[in-house]
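*Asks:* Sequence:
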Amino acid sequence: MELEGKIAVVTGVSRGIGLATVKLLLEKGMRVVGWGRTAPELQHDRFIYIPCDVRSMEEVQHAYASTLQQTNGHVAVLVNNAGLGIAGKMDEMSPQDWHTMFETNVNGVFYCTRLVLPDMKEAEEGHVINISSIAGTTGIEQMSGYCGTKHAVRGISHSLYKEVRDYGIKVTCIYPGSVKTNFFDHMEGVTVSENMMRPEDIASTILHALESHPNYHHVDIEVRPLMPKGKRQK
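Taking the working numbering, I'd label the letters of the sequence shown as residues 323 to 556.
These are calculated hints, taken from the structure and not from any lab test.
Ideal Cβ positions, reconstructed from N, Cα and C, are used throughout, including at glycine.
This list has only true hints and no planted wrong ones.
27 angstroms max Cα-Cα, derived DSSO-like pairs, lysine-lysine: (1) K350 <-> K502; (2) K411 <-> K551; (3) K443 <-> K484; (4) K551 <-> K502; (5) K502 <-> K556.
Quick list of simulated restraints, FRET-style, between CB atoms: (6) R554 <-> K411: 30 to 36 angstroms; (7) L406 <-> P550: 20 to 26 angstroms; (8) E522 <-> L406: 16 to 22 angstroms.
The whole structure should be built from the sequences, with the hints applied where relevant.
*Replies:* Written out as structure tokens, the structure is:
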């Protein structure tokens, strides 16, 4: 897709992967609208921030209407990045934490994607990027809730691309391993380190998928740090 001048919506833009993606898309000449609970530290004449908690269908609908009003155009790219993880054994996890993960990681993808698809179909062009996780391909002890949500994102992505491919719309699901973000702030036993991938690395992968030839479709992209434990000791 030719990106310059087109409109992208990125969710979860306060920092990390979302913010890195916004910056890279701006460099490519896109008009970018960021939806999130917290405003990023970013000022740019082609960036608009709209407060939005993707757990709320009403807030998403308001954010979408505001996006159309402020850009006077249709959304060509949607990056469903907003997400969170809460660790805990299933029999010890509170229903509130369980629902928070599913409402954010799964319902949020549905609320956002359903709104952009009609205009993408009419334009016969569009790209939805869903950020899953390695947790969406395997099981992880004490992460059953989070793994469940990211497996759901995978299934949604695989089903959706088959629904919309004939309209010229792509759906790409990305499965990152450990990324140096605030994701691990409240997880015991996990320390953020320089051996993790950078948010900029994931943003570059998103850009690569977006800029591919119209008939070349990245369905799944799994990315991991090469040396998650650092260089071997000689």
